[in-house]
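Undergrad: What follows is each chain in one-letter form.
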Amino acid sequence: GAVVSQHPSWVICKSGTSVKIECRSLDFQATTMFWYRQFPKQSLMLMATSNEGSKATYEQGVEKDKFLINHASLTLSTLTVTSAHPEDSSFYICSARDRTGITHGYTFGSGTRLTVV
Amino acid sequence: AQSVTQPDIHITVSEGASLELRCNYSYGATPYLFWYVQSPGQGLQLLLKYFSGDTLVQGIKGFEAEFKRSQSSFNLRKPSVHWSDAAEYFCAVAHSGNTPLVFGKGTRLSVIA
Chain A
327 GAVVSQHPSW
337 VICKSGTSVK
347 IECRSLDFQA
357 TTMFWYRQFP
367 KQSLMLMATS
377 NEGSKATYEQ
387 GVEKDKFLIN
397 HASLTLSTLT
407 VTSAHPEDSS
417 FYICSARDRT
427 GITHGYTFGS
437 GTRLTVV
Chain B
54 AQSVTQPDIH
64 ITVSEGASLE
74 LRCNYSYGAT
84 PYLFWYVQSP
94 GQGLQLLLKY
104 FSGDTLVQGI
114 KGFEAEFKRS
124 QSSFNLRKPS
134 VHWSDAAEYF
144 CAVAHSGNTP
154 LVFGKGTRLS
164 VIA
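Top line first, the protein sequences correspond to chains A and B. Residue 327 is where the first sequence starts when you use the numbering used here, and the numbers rise one by one after that. Residue 54 is where the second sequence starts when you use the numbering used here, and the numbers rise one by one after that.
So that you can see chain A by itself, here it is in the shape it has in the complex (with noise of 0.2 Å):
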């Protein structure tokens, strides 16, 4: 099955520093990228999302220059959490699919935890 790669685990950073997660399909071209924020018991909330070789379309609220998203290939997308701040602290999951979403549907990397400190 469709497998996607997310790296790192989890981060520990000092404020005021950048991080960057990736995530990569493995096994299929992932035309379409999106990147969720999970709060402690919380549900995932859509930050992003990104097409391949086309700027990321963000949601309302999700400051675009603090998390800057590159999906520069069909197979490798990153997330840069810019000058972090402690509310920044999250779960971060991407979600990739293919050119129709049904052959692979969603599939999902095992997630990023941050911690600012």
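If you are wondering where the hints come from, they were derived from the structure by calculation, not from laboratory data. Among these hints, one or two may not hold up.
30 Å max Cα-Cα, derived DSSO-like pairs, lysine-lysine [stated by the list, open to error]:
(1) Lys121(B) to Lys392(A)
(2) Lys102(B) to Lys340(A)
(3) Lys392(A) to Lys381(A)
(4) Lys158(B) to Lys381(A)
(5) Lys390(A) to Lys158(B)
(6) Lys346(A) to Lys121(B)
(7) Lys367(A) to Lys158(B)
(8) Lys102(B) to Lys392(A)
Given the coordinates of chain A, assemble chain B onto it according to the supplied hints.
TA: Structure of chain B alone, referenced to chain A:
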């Protein structure tokens, strides 16, 4: 706008008992429907999905779900729960294969001996 309602925040069942997790959606047409399971600190695993066709969908780990258009529901069921099923369950919908998933708030399942 689409929305997904999972009315039960937390459900506790005895091991071996049957399970039904409720999911209702709000959308004009028939959306794509999904159920995912999440263990603590982990990503999401797809249990099953419905796009069209037979309204009773079989998934992994012995789960099934039934799409009922008249009730705008897509309830998840399992005839006999195992302790390893304890986790968070999310129902999700998409307008089509091109749009992002919208998630319900989740139902936490606890299994007792």
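Undergrad: With the threshold set at 30 Å, check whether the alpha-carbon distance from Lys121(B) to Lys392(A) stays at or below it.
TA: With a Cα-Cα distance of about 42 Å, the restraint between Lys121(B) and Lys392(A) is violated, given a limit of 30 Å.
Undergrad: Straight-line Cα separation of Lys102(B) and Lys392(A) no greater than 30 Å?
TA: 34 Å, violated
Undergrad: Given the hint that Lys367(A) pairs with Lys158(B), test it: the Cα-Cα distance must not exceed 30 Å.
TA: With a Cα-Cα distance of about 9 Å, the restraint between Lys367(A) and Lys158(B) holds, given a limit of 30 Å.
Undergrad: With a cut-off of 30 Å on the C-alpha distance, tell me whether Lys102(B) and Lys340(A) pass.
TA: Violated, at roughly 40 Å.
Undergrad: If you draw a straight line from the CA of Lys392(A) to the CA of Lys381(A), is it 30 Å or shorter?
TA: 15 Å, holds
Undergrad: Are the Cα atoms of Lys346(A) and Lys121(B) separated by 30 Å or less?
TA: With a Cα-Cα distance of about 42 Å, the restraint between Lys346(A) and Lys121(B) is violated, given a limit of 30 Å.
Undergrad: Given the hint that Lys158(B) pairs with Lys381(A), test it: the Cα-Cα distance must not exceed 30 Å.
TA: The hint holds at about 29 Å.
Undergrad: Given the hint that Lys390(A) pairs with Lys158(B), does the C-alpha gap stay at or below 30 Å?
TA: Roughly 25 Å between the alpha carbons, so the hint for Lys390(A) and Lys158(B) holds.
Against the hints set out earlier in the document, violations occur for numbers 1, 2, 6 and 8.
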